[in-house]
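Assemble the complex: chain A is given as a structure, and chain B must be docked to it using the hints.
Number of protein chains: 2
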Amino acid sequence: MKNKSITSRDEDFAKWYTDVVSAAHLASYTSVKGCIAIEPNGYAIWEKMQEILDKKFKELGHTNVQMPLLIPESLLKKESELVEGFAPEVAWVTMGGSKELEERYCIRPTSETMFCDYYKDHVSSYRDLPKLYNQWCNVLRWEKETRPFLRSREFLWQEGHTIHATEEEAIKETDKMMEVYKWFHHEILAIPSITGRKTEKEKFAGAEYTLTNEALMYNGVALQAGTSHYFGQKFSKAYDVKFLNKENKLEHVYQTSWGTTTRMIGGLIMVHSDDYGLVLPPRIAPVQVTIIPIGSSSEVLDLVDKYELLLKNNGISVTKDLTDKSPGFKFAEAEVNGIPIRVEIGERDLKENKITFVRRDTREKIVESKDLDIVKYVKELLETIQKDMYNRAVERRDKLTFEAHNLKEMENILNTQPGFIHADWCGDETCELKIKEIKGCKSRCITEEPLIDGKCVCCGKEAKYHVIWGIQY
Amino acid sequence: MKNKSITSRDEDFAKWYTDVVSAAHLASYTSVKGCIAIEPNGYAIWEKMQEILDKKFKELGHTNVQMPLLIPESLLKKESELVEGFAPEVAWVTMGGSKELEERYCIRPTSETMFCDYYKDHVSSYRDLPKLYNQWCNVLRWEKETRPFLRSREFLWQEGHTIHATEEEAIKETDKMMEVYKWFHHEILAIPSITGRKTEKEKFAGAEYTLTNEALMYNGVALQAGTSHYFGQKFSKAYDVKFLNKENKLEHVYQTSWGTTTRMIGGLIMVHSDDYGLVLPPRIAPVQVTIIPIGSSSEVLDLVDKYELLLKNNGISVTKDLTDKSPGFKFAEAEVNGIPIRVEIGERDLKENKITFVRRDTREKIVESKDLDIVKYVKELLETIQKDMYNRAVERRDKLTFEAHNLKEMENILNTQPGFIHADWCGDETCELKIKEIKGCKSRCITEEPLIDGKCVCCGKEAKYHVIWGIQY
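Protein sequences, first through last, are from chains A and B. End of the first sequence = 1616 in our numbering, gap-free, step of one. End of the second sequence = 1616 in our numbering, gap-free, step of one.
So here's chain A without its partners, still in its complex pose:
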């Protein structure tokens, strides 16, 4: 409907973000506290994410299934760390129809429980392994503070849950899926994320270890976007998922889980968008090109149709805007919606044999001959935009990447301009908690890069890990 004006990004980042979400019709608040309605433009991005990731998962041998939304309390309680981690933030169903339930159910905050419960009845021998299952579904976590896409009580995600006959194989799976998430961010979303292992404090409740994919937003705040967990036999022991191994002995399975969510849409916005609205990398844009006629002569309209058909037949996602809105209005709409390329075809220009391309990322206007090879030209321009957006994001990330050698330096950085802060750490949780006191700064991940100076940024004692720190969403 109304195209709200967008607050300046540099002036008020939080307000700018919600303005873009609203102006680009990505999502809308609802009468349900902390839950959003994902609107057509937002859902189309999620569909595109699903399409690309699902194809990759299937290529790697995974299949989709669907487990129940509800988890009986007794089942959830079998794994103590999991229940401690999630109990404070689950929603409880206590009534069915007009009857009080004998046992209450929680709405899944994640589905390790249900997958274990399933696997225990469906695996008996090493021949049944591995099971490489994934599901696309909704989950609920009773968050206090919420923000569209980034943190909402209900969100959509995919959760892979695999079980294996050996530790080695399960660890390989955990790594592989983190590589998929990294690939997806770098190659498709044009987001130069970093990956590494979570500290003990920050890992998933019940996991042996957690790998994480961390993206840096334009404002220097980090966003966890994709995690991959190795469970070892923790859950399989709690839920009694056993198999006969090759030596004909009963053994508990080795397990992983990995997930990405609709919060990646939030990441996309906060890395690439600007004061004019959404900016989408071509590979994830549901619509890559829009053609807008100026005037309605048959010459103009014929060319619009011709280009549309040519592009469509060559696998480019294209629309044309033939509504009776003014050209200026259409331009603004294409811009706020983040369509990577806008093609303007006007009567006057055509007389000079010219058409205009407008790049959404740079807002640059390029005048070309109408006789150019439109398919080749657009394909190359889309690739250029994708590459340029990635490079700009790398530049921004690098500009906001710092190194700290002591607490004072860390404090200075966080008070001036947050970002990814590299600093050595002794491995002691006391130090981790002390750092957290500075604006809630947390360890993003432990990297495999060499130590910086070998001294803990907090206590100055011998460091064990090179850690990347940052404030998070």
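A couple of the hints might just be wrong.
Identical copies carry no separate label here, and so any pair may be met within one copy or between two of them.
[Claimed, not checked] The calculated BS3-like cross-link candidates involving lysine-lysine, where the alpha carbons are at most 30 Å apart (straight line), are:
#	residue 1	residue 2
1	K1530	K1598
2	K1220	K1176
3	K1263	K1220
4	K1377	K1542
5	K1463	K1315
6	K1176	K1377
7	K1315	K1380
8	K1463	K1513
9	K1191	K1263
10	K1242	K1287
11	K1191	K1319
12	K1389	K1463
13	K1577	K1201
14	K1319	K1346
15	K1263	K1463
16	K1577	K1522
17	K1346	K1263
18	K1585	K1392
19	K1508	K1551
20	K1468	K1344
Bear in mind the hints are in silico, worked out from the structure with no lab data behind them.
Below, chain B alone, put in the same frame as chain A:
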């Protein structure tokens, strides 16, 4: 894992059904009462259904969105018929984390409420109309008796919710979407369903009228599989969804909703499958062809690879089974899983230049020269199977379609062999309730066919409607 034996369909239909669901790995019971786990083979059918329907919806101008899972009680209560219709069967969330909620939420049994709540803030002028939204999601209804796919507490579905500027346009949409469901059943699922209007008693709570798509199972029991509702302005008045019409006057929008669910998988099974397991029509089969080598000579394996590649490159969904199981085991597995065509390639046969095709629907073996045009041959055979399955289903439906002129006749039919029973009706609910006393027989739909003898099958008075009756799942 273990391939359970399947009870004979004619001996115990209910047991046969659950045996097929289990043996074909479509779904499994869970620790959550009334909720199933949809296994890979079952979910793949749902993905195929989604793919085909979603494409059709989008061709017709619909876009996907996602509304919240939870509905505040106060919002649900705004439309009295809806709340009366659904309140007895919703699940209530009363706690978030460890806190009792101020207002309880129900888990959506359907989403008219949430769509109205959204539309009221996003529509102001006739220029904003129509809104043609759909969502793919899970819903929950606290059913007492459940059966995999046919009736479970949680199920997956799509729900379209559209709003329009005129009654005429909304009615057209209601009809059009019923045509889509009918097309989907006849052309894709090979199920010769019938369509018509529900009686006042059987229509959706709050609808002006409901159109329904009704399929007849092998045992003569009917299955409602897809409904399309016209709401007029009932909901838009209750939820205050208004727009400025072309005459610049405020008017309430005209609304529709329409849905199909995972119960269609149950319908597929009960129309087509047999004592050997699942039988799938080629157009909905996730895997259309499986190639099974007998022996492991390079000649055999090369041909398996060659055929696989040829079929795959021509848009046919094909797998090969190269595991170390015995050929007989592989044949049985392909059979129980309902793969339409099995290609057997054996060393001995190849010496005679022969390969064998096995149709799943008829279990017929066809020996052909290995030099045939495999792509052409398989494409034609898939189409033949699709057509033959449809024709057999029509034959079965017609065999189980009856006509009744009085209550005695109706009773006789229902006690001997249930099916679709054509009979005239006066339109009085008393008669409808009296008929229901015979084995729970309900009106399936009012057809537009002419009256049979003009007399109500129950009271003998003047009939208003030609109705199709039947026992239902």
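So, going through the hints one by one against the coordinates:
1. K1530 - K1598: neither (38 Å within a copy, 75 Å between copies)
2. K1220 - K1176: Both, since 27 Å and 18 Å are each at most 30 Å.
3. K1263 - K1220: Intra 16 Å, inter 42 Å, cutoff 30 Å: intra-copy only.
4. K1377 - K1542: neither (41 Å within a copy, 57 Å between copies)
5. K1463 - K1315: For K1463 and K1315, only the inter-copy Cα distance (26 Å) is at most 30 Å; the intra-copy one is 46 Å.
6. K1176 - K1377: The answer is between: 26 Å across copies meets 30 Å, while 35 Å in one copy does not.
7. K1315 - K1380: within (21 Å within a copy, 57 Å between copies)
8. K1463 - K1513: within (17 Å within a copy, 50 Å between copies)
9. K1191 - K1263: For K1191 and K1263, the Cα distance is within 30 Å only across copies (28 Å; inside one copy 34 Å).
10. K1242 - K1287: both (29 Å within a copy, 12 Å between copies)
11. K1191 - K1319: Cα proximity of K1191 and K1319: in one copy and across copies (22 Å, 27 Å).
12. K1389 - K1463: Classified as between: cross-chain Cα gap 26 Å, same-chain 61 Å, threshold 30 Å.
13. K1577 - K1201: neither (44 Å within a copy, 54 Å between copies)
14. K1319 - K1346: within (18 Å within a copy, 51 Å between copies)
15. K1263 - K1463: Classified as between; 28 Å across copies, 53 Å inside a copy.
16. K1577 - K1522: Close neither inside one copy (51 Å) nor across copies (68 Å); limit 30 Å.
17. K1346 - K1263: within (25 Å within a copy, 42 Å between copies)
18. K1585 - K1392: Neither. Shortest intra-copy (43 Å) and inter-copy (56 Å) distances fail the 30 Å Cα cut-off.
19. K1508 - K1551: Neither. Shortest intra-copy (47 Å) and inter-copy (80 Å) distances fail the 30 Å Cα cut-off.
20. K1468 - K1344: neither (55 Å within a copy, 47 Å between copies)
Violated hints for the displayed structure, listed by number in ascending order: 1, 4, 13, 16, 18, 19, 20.
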